[in-house]
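Those protein sequence lines, which keep their order, are chains A, B and C. My numbering puts the first residue of the first sequence at 1, with every later residue one more than the last. My numbering puts the first residue of the second sequence at 1, with every later residue one more than the last. My numbering puts the first residue of the third sequence at 1, with every later residue one more than the last.
Be careful, since some hints might not be right.
Claimed, not checked - Within a straight-line C-alpha distance of at most 35 Å, the following computed DSBU-like cross-link-like pairs (lysine-lysine) qualify: (1) K239/C to K188/C; (2) K318/A to K144/C; (3) K251/A to K304/C; (4) K239/C to K172/C; (5) K318/A to K267/A; (6) K127/A to K285/C; (7) K227/C to K304/C; (8) K192/B to K172/C; (9) K127/A to K141/A; (10) K251/A to K69/A; (11) K251/A to K239/C; (12) K227/C to K239/C; (13) K144/C to K172/C; (14) K214/C to K267/A; (15) K148/A to K214/C; (16) K192/B to K144/C; (17) K214/C to K142/A; (18) K69/A to K267/A; (19) K304/C to K141/A; (20) K66/A to K172/C; (21) K239/C to K148/A; (22) K127/A to K214/C; (23) K314/A to K285/C; (24) K188/C to K196/A; (25) K227/C to K267/A; (26) K314/A to K214/C; (27) K285/C to K172/C; (28) K144/C to K59/A; (29) K239/C to K196/A; (30) K172/C to K59/A; (31) K148/A to K59/A; (32) K69/A to K172/C; (33) K142/A to K304/C; (34) K251/A to K285/C; (35) K66/A to K318/A; (36) K141/A to K214/C.
What the hints assert, rightly or not - Facing chain C, a subset of chain A residues (Cβ under 7 Å, in silico): (37) P83; (38) L187; (39) A292.
The set of hints was computed from the structure by calculation and includes no laboratory data. Ideal placement from N, C-alpha and C gives every residue a C-beta, glycine not left out.
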Amino acid sequence: MQTPALSERSESNGPMITTEHLSKWYGQVSGLNDVTVTVPPGITGLLGPNGAGKSTFMKLVTGQLKPSKGVVRILGEPIWGNPALFHRIGFCPEQDSFYERMTGLGWVTALVTLNGLEPDAATAAAKRGLEAVDLLDAADKKIGAYSKGMRQRVKMAQALAHDPDVLILDEPLSGMDPLMRRRTIRLIREWGRSGKSVLVSSHILHEIESMTSNILLINNGRILAEGNVHQIRELIDTHPHSVFIRAQNTKALARALLVEDGVISMKFEAGAVVVETARPDAFYARLTDMAASGEAGVIDEVTSPDDNLQAVFKYLVKQ
Amino acid sequence: MSPIHDQGYRHYLGEREPHGRAWWVIARSHIVTAMQHRGFRFILLVAWAPFVVRAVQIYVASTNLPVAEFIATTPETFRDFLAQQRLFVFLVTIGQAGLIADDRRTNALQLYLSKPLTRVEYILGKLVPPLAYVLAVTLVPALLLLLLQIVFAGSLAFLRANLFLLPAITLFSIIQALLSAFAILALSSLSKSRRFVSIMYAGVIFFTAAMYQALRGITNSRTWAVISPGEMLDVIANAIFRARAVSPVPVYVAILVVFVIIALSIVILERRIRAVEVVA
Amino acid sequence: MGSVMQPVIELQRVGVRYGRQWALRDVSATFPTGAVGLLGPNGAGKSTMIKALLGLLPPDTGDMKVLGLDVRRSPLQIRARIGYMPENDAHIPRMNAVTFVAYCGELAGLPSADAMQRAHEVLYYVGLGEARYRLIEQYSTGMKQRIKLAQALVHDPSLLFLDEPTNGMDPKGRDEMLELIRDIAHNKQINLILSSHLLPDVEYTCDHVVVLDKGGVATEGPIAALKGPGGRVFELRVKGEAGEFLAAMRGAGLECHATDEDVMRVFVPDERGPRFLFTLASQHKVQVRHLRASVPTLEDVFAKAVGDV
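Could you build the full structure based on these sequences and the hints that come with them?
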């Protein structure tokens, strides 16, 4: 099976994060194995099963770990041992460990000062960060008193307070209630649009899908796929496309579709036909025409149950 | 009846026990786990070594050997035996340091308190193992020694002359066991690390003993004994066994101190095991 | 299923106070049999409600009945018939999976032999059969979630309470857990309450929701009914030269919004339906890859209920 490797480049600047033959091992245990990848501006979803190497990858990209081999470049410069570059990166880790007695504002300011800003500028930046995540009114309360969602937001605030160009977010929505999730997704999409490079790692695939179509899939310490989900889907040419068609006259529709080249299988569900085809282009074109002419009855709905991130992920990871 | 059986989830149609058994399930689990620990089994074994020595002593005392006069069995024998076991009481108790601390570390309380058992049952289930172990190295060997005395001497004469020994041994052992068990349990509920709890326990015991000696040396007053639980147990033992030693404080003071420690432990336990914190 | 059955949980004017704050305020609600989602923003009172129904926090005012039993009078009996899967990691120290689950079964009232038998069965059911003799401390995140479910099921509860059951699991684990939950709710006749912030999960497994907000019930009801019928909005994705096609749609009076991904939202102001769109696409030689009437999601229901549109 050919591994798809299409990178979608945006019109704006060049790639923000590049790795070349990046490897990391811990004694005998291999964390990451010869990873060469380019993360473009905009939002990229970082996916993979537990233990695949995602956190290793993120730690290497944020300069917390030294590569065993290869190099990670942020904005063209190697990141390891390059603290000057750190202030152009914002990292929102998954773990929850705070100084509970500090206030939200105090904590974010302290972290921002570590990035090299003067105290006044740091406080102003911290306030901006807190405002962006809607925490300004609670900024003077102790973190120990924050709810789960607020703790998550304060982590986000410190990640973007110093206005970095690259944002690395590890399960940024964890603990948030549905409204906050929606707002945060909107916020992340804004950052992507504003030209930042955002790498979001999450297990909740439908949320990644609502942020971006651009993914980076890691499995067993290696890159399994990178690029646009739909393009990846198309390239998985050995795997037939599944098409769900809701129609008034399923039998007539089935009869009409049977004669099409490339139809591998057909299944009936309540009020619908599910077709598997090896020739998606031809099939969809024919289906559109059929629906327009009405020759096989009325067609209400066309969806592809496996042209989504969930299905692509499942298929690729099984390999 | 279909030849293909359902291997999946089945409903349970059997018996369910009435409430009130949970404390025993908890206690039994701890006792079984502790016994699987080689170090602990070793300590229990070694704890009976003094018993063997005493048994020999009692045997010889009951013979007609000339030396028998010097090691005659008296109530002091039993009092001294129990005093000697203090080291093993300490070791056995400190081995239980993780009783509640481990549960706090793994967040087990969220599971326990969502089951059909009350906080009292939980605490009782945790109290029984240390109680049992302490009694196993104090009450049981002491009573056995008494029994051996009767067997070796071939008569109930000694017992009849010292009838108070039976309740004395029992009462003292129980007080000692309760004090140790409550203390270790309360300390265990204060931390998530059993190592830290054992340090705290050892610290309290040694520190209070040392402080007593220091203060006594400075002020020349033995009333400071109240800060040392070990001394207080001695006072109680003196009174119960009708020993001739002069106690630094009256026995009712010692009883009060023990009572206060146990009461404080109960208060700590009540506050640390809060049902309302079960749900995050 | 669906005849007039006694609701699983009934609240009547329930109030619970923390100091001077009312965490739950004059709440009246019923949780029907089947699978019910419990939703709400952080701080809405969900954890208070859970504590109350576990019998750990008696209500200050009002009445609350779980499985027909009063929470004030019979908390132990209630807990004997409920299974609770906590959100956070929780296990009994130094036990392997089988011992742990059997232990929980005994604590819940099963005789010890039966508890051990059930433990094995339930561990197979949740997918831990192979790993059941290993120490829980060695388990991965996904396995720890499953074993929490196992200990909640071992005593065959009549009501299962799940708090964020897919926490920390990778996509495959999440799928499997959601399938398990669906199986439990729909095929095994165990009533279920799922508390989660992941609305698609709730939609997949539950038929009914109760939404809490600020200490009260914001909305409750069957998910299908709350969502309501779809409007004249369509999701549309095409492949081909879309420029002309888009212009044609607009020219025909349809409002088209391209989202950041390739799925468009098309507003049809009149009676025209899918066939019109197909015809237009066919004329302009584009393939229709995705066409669906847009239905409100549970997220929309939630947002409307909690007042954030």
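Which of the numbered hints are not met once you compare them with the structure shown? 1, 3, 6, 10, 14, 18, 21, 24, 26, 27, 37 and 38
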